[in-house]
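Using the sequences and the hints given, assemble the complete structure.
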Amino acid sequence: MPSPSVSVVMPTYDAADYLERSLESILHQSFDDFELIIVDDGSTDGTIDLIKKRDDERIRLVERENESGITSALNRGIDESHGKYIARHDADDWSAPERFDRQVTYLDTHSDVALLGTGAHLVDEDGKRIAKRRVLEDPEVGDLIDHNEFIHGSVMMRREPLVDLGGYDERFLTAEDYDLWLRLADQYSVANIDEPLYHFRQHDESIYGSNLKMLKLYHVLATRRVEDGFDKELYAAITTDDPKKAIEMFTTEERTWFHTELARESIRYGNLSSGREHVREAIRLNPTDLTLPAMLLLTYTTPKIASVVVDTYRKVINAKISVENRSG
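Start counting the sequence shown at 352; every next residue gets the next number (the working numbering).
Please keep in mind that the hints were generated in silico from the structure rather than gathered at the bench.
These figures come from a predicted structure and were not determined experimentally.
One thing to keep in mind: the hints can contain errors.
[Stated by the list, open to error] BS3-like mimics (lysine-lysine), calculated; alpha carbons at most 30 angstroms apart, straight line:
hint, residue 1, residue 2
1, Lys596, Lys564
2, Lys655, Lys564
3, Lys595, Lys583
4, Lys583, Lys596
5, Lys404, Lys479
6, Lys483, Lys403
7, Lys564, Lys583
8, Lys404, Lys435
9, Lys596, Lys479
10, Lys483, Lys655
11, Lys403, Lys435
12, Lys479, Lys564
[As the list claims (entries may be wrong)] The following label-pair restraints were derived from C-beta to C-beta distances:
hint, residue 1, residue 2, range
13, Glu521, Asp475, 44 to 54 angstroms
14, Asn562, Thr652, 24 to 34 angstroms
15, Asp459, Arg631, 43 to 53 angstroms
16, Asp430, Glu408, 28 to 38 angstroms
17, Ser624, Lys595, 13 to 23 angstroms
18, Arg522, Ile656, 32 to 42 angstroms
Just so it is clear, CB atoms sit at the ideal spot from N, CA and C, and this is done for glycine as well.
As structure tokens, this is what we get:
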């Protein structure tokens with residue numbers, strides 16, 4: 352049996368509430384030369400039964416008894432795959448019908464691109480659209496160091512570069528995707544289709560809640576890795592659950608970035624009090640950045656107004672960087 356063009360890797364853990372829509376969107380893609388590899392980490396909510404009810408030879412289920420984490424699940428899925436392209440998809444999200452077709456066509460005609468993402472609609476737990484996530488079409492390493500320009504579940508990658516780099520680094524308990532994007536962008540071209548071909552579901556308990564700080568700590572670890580190699584001391588501070596010690600190891604520039612990012616993301620997702628706290632610290636560290644007082648003012652508006660302003664600002668910055676990259 353010939354290998355499929357695309358291998359879709361989906362980790363699952365107690366995903367029954369949203370899995371049906373996700374599977375429907377994958378199995379009804381206009382491009383159908385793919386396999387779907389689902390790696391389950393010991394679900395107990397009926398997820399396995401939902402998958403096994405699907406009579407589709409393109410689905411392959413890998414069951415693991417113990418929850419081992421998303422990073423190792425992703426690598427297991429890659430190890431089990433056969434396609435020349437590896438696509439990601441999360442169990443609670445869904446894709447536009449033309450997503451795979453658009454990405455395969457792009458990669459087939461851009462042989463230098465190793466990683467291709469798309470824009471997305473952000474949706475709430477009920478599937479209602481709450482925002483549109485724009486992405487930079489031609490990001491370079493420097494752009495990615497400033498901001499993660501890829502939506503993890505939307506990406507499609509070439510197998511060879513992915514395998515050559517060793518896949519996802521299992522030392523990263525979060526931001527494992529960002530670390531991989533930086534390593535890919537450091538050696539290959541990367542790109543995005545700036546159209547919402549993916550629907551990214553936001554949960555109250557998602558990474559944009561309590562785990563946002565840990566995500567940004569790992570982001571700094573990933574950026575240091577590209578610039579100076581893997582920082583074992585910083586990694587040790589992060590993994591011993593001592594964020595204060597880790598932040599103390601940051602340079603002033605890294606600390607400013609850390610608080611600015613926490614402020615921006617908190618404001619963007621409606622947590623204005625947290626955003627206010629972090630933007631004040633960013634102003635203390637970098638009083639010459641005139642965008643920070645404006646961000647502080649946003650925290651005294653409403654969550655809806657603040658989110659619209661932050662997203663609009665990102666659109667303007669993305670357009671500016673895109674023009675600069677093309678002209679350069």
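Results for each hint:
For the given pair, Lys596 sits about 13 angstroms from Lys564 by alpha-carbon distance, which is consistent with the 30 angstroms threshold. Of the pairs offered as hints, the one joining Lys655 and Lys564 holds, with about 22 angstroms between alpha carbons and a cut-off of 30 angstroms not exceeded. With a C-alpha separation of about 16 angstroms, the suggested pair Lys595 and Lys583 falls inside the 30 angstroms cut-off, and the hint holds. Distance check on the hinted pair: Lys583 and Lys596 sit about 14 angstroms apart at the alpha-carbon level, within 30 angstroms; holds.
Taking the CA atoms of Lys404 and Lys479, the gap is about 27 angstroms. The hint holds against a cut of 30 angstroms. Straight-line distance between C-alpha atoms of Lys483 and Lys403 comes to about 34 angstroms, which puts the hinted pair past the 30 angstroms bound. Distance hint between Lys564 and Lys583 is fulfilled; the C-alpha atoms sit about 19 angstroms from each other, no more than 30 angstroms. The hinted pair formed by Lys404 and Lys435 meets the criterion: a straight-line CA distance of about 28 angstroms does not exceed 30 angstroms.
In summary, the hint linking Lys596 to Lys479 is not supported, as the alpha carbons are separated by about 40 angstroms, beyond the 30 angstroms threshold. For a cut-off of 30 angstroms, the pair hint linking Lys483 to Lys655 stands: about 13 angstroms separates their Cα positions. About 26 angstroms separates the Cα atoms of Lys403 and Lys435, which keeps this hinted pair within 30 angstroms; it holds. For the given pair, Lys479 sits about 26 angstroms from Lys564 by alpha-carbon distance, which is consistent with the 30 angstroms threshold.
A hinted range of 44 to 54 angstroms is violated for the C-beta pair Glu521 and Asp475, which are about 31 angstroms apart. Asn562 and Thr652 have their C-beta atoms about 26 angstroms apart, which keeps the hinted 24 to 34 angstroms range intact. As the Cβ distance of Asp459 to Arg631 is approximately 49 angstroms, the hint placing it in 43 to 53 angstroms holds. Judged by the Cβ atoms, the range 28 to 38 angstroms given for Asp430 and Glu408 is violated: they are separated by roughly 20 angstroms.
For the pair Ser624 and Lys595, the beta carbons lie near 20 angstroms from each other, so the given range of 13 to 23 angstroms is met. Taking 32 to 42 angstroms as the suggested C-beta distance range, the pair Arg522 and Ile656 conforms, at roughly 40 angstroms.
This entry does not satisfy hints 6, 9, 13, 16, going by the numbered hints stated previously.
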